[in-house]
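Dock chain B against chain A, hints included.
So the protein lines, in turn, are chains A and B. Numbers 1 to 102, taken from UniProt numbering, label the letters of the first sequence in order. Numbers 1 to 102, taken from UniProt numbering, label the letters of the second sequence in order.
These are calculated hints, taken from the structure and not from any lab test. Check before you lean on any hint, since a few could be wrong.
[Said to hold, decoys possible] One side only, chain A facing chain B, incomplete, derived with CB under 8 Å:
#1 P37
#2 F84
#3 R87
#4 L91
#5 I95
Note that this is a predicted model, so its numbers are computed, not measured. Ideal Cβ positions, reconstructed from N, Cα and C, are used throughout, including at glycine.
Number of protein chains: 2
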Amino acid sequence: MSNELHSPDVAYILQNVLGCKWTLHLLAEVRRGVNRPGQLVRSADGLTTKVLNERLVKLVRFGLLEKTSFPEVPPRVEYELTAFGRRFTSLLDEIDRLQAEL
Amino acid sequence: MSNELHSPDVAYILQNVLGCKWTLHLLAEVRRGVNRPGQLVRSADGLTTKVLNERLVKLVRFGLLEKTSFPEVPPRVEYELTAFGRRFTSLLDEIDRLQAEL
Chain A
1 MSNELHSPDV AYILQNVLGC KWTLHLLAEV RRGVNRPGQL VRSADGLTTK VLNERLVKLV
61 RFGLLEKTSF PEVPPRVEYE LTAFGRRFTS LLDEIDRLQA EL
Chain B
1 MSNELHSPDV AYILQNVLGC KWTLHLLAEV RRGVNRPGQL VRSADGLTTK VLNERLVKLV
61 RFGLLEKTSF PEVPPRVEYE LTAFGRRFTS LLDEIDRLQA EL
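With the rest of the complex left out, here is chain A (with noise of 0.2 Å):
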């Protein structure tokens, strides 16, 4: 899957993206479609483009987010959930859906 040799470990994905609020703020975000940086870090107040960059270099990395460079002038940059992200997103659904049911 994208960049990673070996499949990602599922449950230490999880548990490191709900660690973090931004990481989840920012797997809701470009699932529905907001999905170039500049949107991105205005998407949410206090959050920096040092932490932006950060968190999706890892969302890259575990496999969660592709990100497409089009070669255009200006650059753009956009970031998309893969196939495994999707899958992921619907199991943070069912931990939502389970919290909203207690």
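Frame of chain A; chain B shown alone:
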């Protein structure tokens, strides 16, 4: 739910459970009908009574397990999954399923 006044925080509990191999092991054992502390302590090499008891107290506090004391001689204690515990272990199954698909 059980002793909790507030709803448990599913994301917090999930992070905690995924981070502890004994906790995952004990949930799986209780789920398949290994309900008594004496059986549970013998269910895994390296699991001490102290660690077992700490994990059982935590799982009851999280609302995942329910403890029942039977007024017998000698006294008998059993642990069972709560309704929340059954939903929660289904979520753990989803994580395993996603992992297996990768």
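TODO: Mind listing which of the numbered hints don't hold for this structure, in increasing order?
DONE: When the structure is compared with the hints, only number 1 turns out to be violated.
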